[in-house]
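Asker: Just so you know, the protein sequences line up as chains B and C, in that order.
Residues in the first sequence are numbered consecutively from 1, following the numbering used here.
Residues in the second sequence are numbered consecutively from 164, following the numbering used here.
To be clear, the hints were calculated from the coordinates, so they are not data collected in a lab.
Don't take each hint at face value.
Claimed, not checked - Derived SDA-like pairs (lysine to any residue); straight-line CA-CA distance at most 20 Å:
id: 1; chain 1: B; residue 1: LYS91; chain 2: C; residue 2: ASP218
id: 2; chain 1: B; residue 1: LYS91; chain 2: C; residue 2: GLU485
id: 3; chain 1: B; residue 1: LYS91; chain 2: C; residue 2: VAL217
id: 4; chain 1: B; residue 1: LYS45; chain 2: C; residue 2: ASP533
id: 5; chain 1: B; residue 1: LYS90; chain 2: C; residue 2: GLU219
id: 6; chain 1: B; residue 1: LYS90; chain 2: C; residue 2: ALA205
id: 7; chain 1: C; residue 1: LYS353; chain 2: B; residue 2: GLY96
id: 8; chain 1: B; residue 1: LYS90; chain 2: C; residue 2: PHE209
id: 9; chain 1: B; residue 1: LYS45; chain 2: C; residue 2: GLY532
id: 10; chain 1: C; residue 1: LYS554; chain 2: B; residue 2: GLN52
id: 11; chain 1: B; residue 1: LYS45; chain 2: C; residue 2: LEU568
id: 12; chain 1: B; residue 1: LYS90; chain 2: C; residue 2: LEU221
id: 13; chain 1: B; residue 1: LYS91; chain 2: C; residue 2: LEU221
id: 14; chain 1: C; residue 1: LYS554; chain 2: B; residue 2: GLY107
id: 15; chain 1: C; residue 1: LYS213; chain 2: B; residue 2: ARG93
id: 16; chain 1: B; residue 1: LYS91; chain 2: C; residue 2: GLY488
id: 17; chain 1: B; residue 1: LYS91; chain 2: C; residue 2: SER214
id: 18; chain 1: B; residue 1: LYS90; chain 2: C; residue 2: SER214
id: 19; chain 1: B; residue 1: LYS55; chain 2: C; residue 2: GLU552
id: 20; chain 1: C; residue 1: LYS213; chain 2: B; residue 2: GLY96
id: 21; chain 1: C; residue 1: LYS353; chain 2: B; residue 2: HIS116
id: 22; chain 1: B; residue 1: LYS55; chain 2: C; residue 2: GLU560
id: 23; chain 1: C; residue 1: LYS471; chain 2: B; residue 2: GLU67
id: 24; chain 1: B; residue 1: LYS57; chain 2: C; residue 2: GLU560
id: 25; chain 1: B; residue 1: LYS55; chain 2: C; residue 2: ALA556
id: 26; chain 1: C; residue 1: LYS213; chain 2: B; residue 2: GLU92
id: 27; chain 1: B; residue 1: LYS91; chain 2: C; residue 2: PHE222
id: 28; chain 1: C; residue 1: LYS190; chain 2: C; residue 2: VAL232
id: 29; chain 1: C; residue 1: LYS353; chain 2: B; residue 2: GLU114
Small disclaimer: the values here were computed from a predicted structure and weren't measured.
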Amino acid sequence: MEVIYVQADRCLGCKTCEIECRIAHTDTDTENTLFAAVSQLRPPKRRLFVEQGEKGKTPVICRHCEEAPCIVECISGSIYRDEQGFVRRKKERCIGCWSCIMACPFGVVVRDAEAHIAVKCDHCPDLDTPACVTGCPTKALQLVDVDSLPQERRKELLLKKEV
Amino acid sequence: MQYVIVGGSIAAITALNVIRANRPDAKMQMVADEAVPFYYRALIPFLLDKSRTVDEILFTEQPTDDKRVKFHHDRCVGVDSTQKVIRLESGNPLPYDKLLLAAGSSSVRPDIPGVGSTGVYTLRNMDEALKVRDALEGCGKAVVVGGALAGIKMAESLQRTGVHVTVVEQFPRILPFIADTETAQRMSQKLGQEGMAIHTNDSAAEILATDGKATGVRLVSGKTIPADLVLLMVGVRPNVEFLAGSGVDTDLAVLTDQEMQTSVPDIYAAGDMVQIHDAVTGEDVISGLWGNAVHMGRTAGFNMSGIKAVVPPFLSSFNSTEIAGLPIISAGLIHPQSEQYTVYTEAQGENYRKLIFDKDRLVGMIFLGDITKAGVYINLIRNRIALGERKDALIREVMSVLSTL
Ligand SMILES: Cc1cc2nc3c(=O)[nH]c(=O)nc-3n(C[C@H](O)[C@H](O)[C@H](O)COP(=O)(O)OP(=O)(O)OC[C@H]3O[C@@H](n4cnc5c(N)ncnc54)[C@H](O)[C@@H]3O)c2cc1C
Chain B
1 MEVIYVQADR CLGCKTCEIE CRIAHTDTDT ENTLFAAVSQ LRPPKRRLFV EQGEKGKTPV
61 ICRHCEEAPC IVECISGSIY RDEQGFVRRK KERCIGCWSC IMACPFGVVV RDAEAHIAVK
121 CDHCPDLDTP ACVTGCPTKA LQLVDVDSLP QERRKELLLK KEV
Chain C
164 MQYVIVGGSI AAITALNVIR ANRPDAKMQM VADEAVPFYY RALIPFLLDK SRTVDEILFT
224 EQPTDDKRVK FHHDRCVGVD STQKVIRLES GNPLPYDKLL LAAGSSSVRP DIPGVGSTGV
284 YTLRNMDEAL KVRDALEGCG KAVVVGGALA GIKMAESLQR TGVHVTVVEQ FPRILPFIAD
344 TETAQRMSQK LGQEGMAIHT NDSAAEILAT DGKATGVRLV SGKTIPADLV LLMVGVRPNV
404 EFLAGSGVDT DLAVLTDQEM QTSVPDIYAA GDMVQIHDAV TGEDVISGLW GNAVHMGRTA
464 GFNMSGIKAV VPPFLSSFNS TEIAGLPIIS AGLIHPQSEQ YTVYTEAQGE NYRKLIFDKD
524 RLVGMIFLGD ITKAGVYINL IRNRIALGER KDALIREVMS VLSTL
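Just chain B, with the same shape it has in the complex:
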């Protein structure tokens, strides 16, 4: 399974990832562009967040946890794991109870108040590489194959509780 790997020391805080994320999640019939994103009646929400970390700016992003608390707490069957292993949300099943926001220890599920649904990273299922990774000019965001990483690094990447 390939996951997004964050190398915080490379992040300059330029927020290109946030912009690329919004563009990729713009609901248009035409090509997804920055112009299309900003001209939406309800501009798309970003699904990752450049924040101030201990040593500097760093993108905070969904880890698609192995034991995902947002799936556990979802009372409506909206949040699920897709065939690739990514944690996603079925829009039509979401009732806006915000249990996923309550559950996520990383704070990366957000509320779309107008649409009344929860919004989270879907790992861009229609793209070969997620938009934030493609857009990152400093390679602070990279796609890596977790199975090729040593066990300790894996654990750091995926929230894995002992079962």
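Fit chain C with the ligand to the given chain B structure using the hints.
Answerer: Same frame as chain B, but now just chain C with the ligand:
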């Protein structure tokens, strides 16, 4: 290996899925007194106002899709742990090697005069919800007795159908288990603006009826409220009666160890019929929460499959919802009763935040309106993290969000 599961809701299904995945050889039998297909219980308020159809609240994957699962639409009426069989209402005994009790809880029906009249309902399952939905045809006024989360959710749904709704709550405020006085007041005000009448510090003394049909509710205060429909949402109790004589120990509810095994070997329990130990308050309480039922079902499923697992630390107060357009998330100790705790609050317009500390540990919180990152802080509560010098920065971080809104 013969697995028998009593109950057909989230705890039962979660355990069943874990067993199916880990024991390809397993024979599984499920006994549930509600008919298939299974559904998401917390969504039944949406059936009342028809904002969701029955199909839209069903589990997308039904356990009976797996041919290894035999389903009995029946009720378990007894457990004989020496013979390792359970008794069913239909009469047949069902032998088990491993048994899971996941029978959840049932509505409490208060013992007041007139409670048997037509037009009076408790509301916890699909069957009852569909009956109430039908009864709403031509209904003008409704009284919901009980202003906790489920009662308010039902009241809002009734209101959306155009019915005039009155809520009666015996505590001095609505949402007594998830809100403090400030949040409850704000919620009551919003609901009031939407036309809902709320009576706190009061409760139902009698259901008034004419020719056996409900016409209203007389309150303890003496007030009378006319109603065509009365919903009794005064609480639930765990379904443990059928365990009498089984040897399974119960207190407030079924007692288990960290692996979800009961006092009897090979009998496990999960979900709303189980008593848990709250990691923050230290109290023993009945669970009553969806996520806890999932954790317990999963843990029971692993141990029943021969894979050792233990449950995570539990919170008994851990709630998220939206009422009258205002989101609220609260967790942990939200009604601190002693000087030992320090409380910080901040308000900005419709937004309100409260943090409760025990020295340098966050033990409780309420976010109303802006709920951004609530889970980050709840994680600190659940895992009892000592913040040390980070405490002040955390308070600043949480509260400053409101001033930048
Ligand atoms: C309106 C409403 C809103 C809710 N909202 C939330 C929420 O926002 N967040 C949250 O965390 N929780 C919420 N809950 C609570 C949540 O739904 C429960 O915690 C959860 O359903 C518990 O699951 P369970 O599997 O333990 O039992 P239950 O869902 O109670 O199911 C038990 C099943 O077992 C069956 N059964 C009982 N006795 C027997 C027997 N002897 N033989 C055979 N079958 C039997 C019952 O008929 C039932 O089908 C809500 C509940 C309601 C009603």
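Asker: Give a verdict on every hint.
Answerer: Each hint tested on the structure:
no.: 1; hint: LYS91(B) <-> ASP218(C); result: holds, 16 Å
no.: 2; hint: LYS91(B) <-> GLU485(C); result: holds, 17 Å
no.: 3; hint: LYS91(B) <-> VAL217(C); result: holds, 18 Å
no.: 4; hint: LYS45(B) <-> ASP533(C); result: holds, 16 Å
no.: 5; hint: LYS90(B) <-> GLU219(C); result: holds, 12 Å
no.: 6; hint: LYS90(B) <-> ALA205(C); result: holds, 17 Å
no.: 7; hint: LYS353(C) <-> GLY96(B); result: holds, 18 Å
no.: 8; hint: LYS90(B) <-> PHE209(C); result: holds, 17 Å
no.: 9; hint: LYS45(B) <-> GLY532(C); result: holds, 18 Å
no.: 10; hint: LYS554(C) <-> GLN52(B); result: holds, 17 Å
no.: 11; hint: LYS45(B) <-> LEU568(C); result: holds, 16 Å
no.: 12; hint: LYS90(B) <-> LEU221(C); result: holds, 14 Å
no.: 13; hint: LYS91(B) <-> LEU221(C); result: holds, 15 Å
no.: 14; hint: LYS554(C) <-> GLY107(B); result: holds, 18 Å
no.: 15; hint: LYS213(C) <-> ARG93(B); result: holds, 15 Å
no.: 16; hint: LYS91(B) <-> GLY488(C); result: holds, 19 Å
no.: 17; hint: LYS91(B) <-> SER214(C); result: holds, 15 Å
no.: 18; hint: LYS90(B) <-> SER214(C); result: holds, 17 Å
no.: 19; hint: LYS55(B) <-> GLU552(C); result: holds, 17 Å
no.: 20; hint: LYS213(C) <-> GLY96(B); result: holds, 17 Å
no.: 21; hint: LYS353(C) <-> HIS116(B); result: holds, 18 Å
no.: 22; hint: LYS55(B) <-> GLU560(C); result: holds, 17 Å
no.: 23; hint: LYS471(C) <-> GLU67(B); result: holds, 16 Å
no.: 24; hint: LYS57(B) <-> GLU560(C); result: holds, 16 Å
no.: 25; hint: LYS55(B) <-> ALA556(C); result: holds, 16 Å
no.: 26; hint: LYS213(C) <-> GLU92(B); result: holds, 15 Å
no.: 27; hint: LYS91(B) <-> PHE222(C); result: holds, 15 Å
no.: 28; hint: LYS190(C) <-> VAL232(C); result: holds, 7 Å
no.: 29; hint: LYS353(C) <-> GLU114(B); result: holds, 18 Å
Violated hints: none; the structure is consistent with every hint.
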